[in-house]
Amino acid sequence: ARVPARFGPPERFLARAAGAGVALRSLEEYGTARPADGDVRLVIGYAHLAPSAIAEGIGLVAGAVGG
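Take the sequence shown: its letter number 64 is residue 54 in my numbering, and every next letter is one higher.
Misleading hints may appear alongside valid ones.
[What the hints assert, rightly or not] The calculated label-pair distances, taken between Cβ atoms and stated as ranges, are:
| hint | residue 1 | residue 2 | range |
| --- | --- | --- | --- |
| 1 | 23 | 45 | 30 to 38 Å |
| 2 | 20 | -5 | 16 to 24 Å |
| 3 | -5 | 19 | 23 to 31 Å |
| 4 | 41 | -1 | 25 to 33 Å |
| 5 | -5 | 38 | 28 to 36 Å |
Simulated from the structure, these hints should not be mistaken for laboratory data.
No residue lacks a Cβ here, since even glycine has one placed at the ideal position from N, Cα and C.
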């Protein structure tokens, strides 16, 4: 997933998501360089979650980062 730069930097975005109880990982953790545009790129592992849990997680992250 790609999140606009206004929600970054990645460390702050991930910390806010974690504070809301949602575990996300930055694509940078997988060896890619930080994007020059400042956007936050995420790896979201949701295959094991029910659709309702995914929607809940999105809501939690949105609330945590002010989106």
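These are the hints, each one checked on the structure:
For the hinted restraint 30 to 38 Å between residue 23 and residue 45, the CB-CB distance of approximately 32 Å keeps it satisfied. At about 20 Å, the CB distance of residue 20 to residue -5 agrees with the hint of 16 to 24 Å. Hint check: residue -5 to residue 19, Cβ distance near 19 Å, so the stated range 23 to 31 Å is violated. The hint said 25 to 33 Å for the Cβ distance between residue 41 and residue -1, and at roughly 30 Å that hint holds.
The hinted range of 28 to 36 Å is satisfied by residue -5 and residue 38, whose Cβ atoms lie roughly 30 Å apart.
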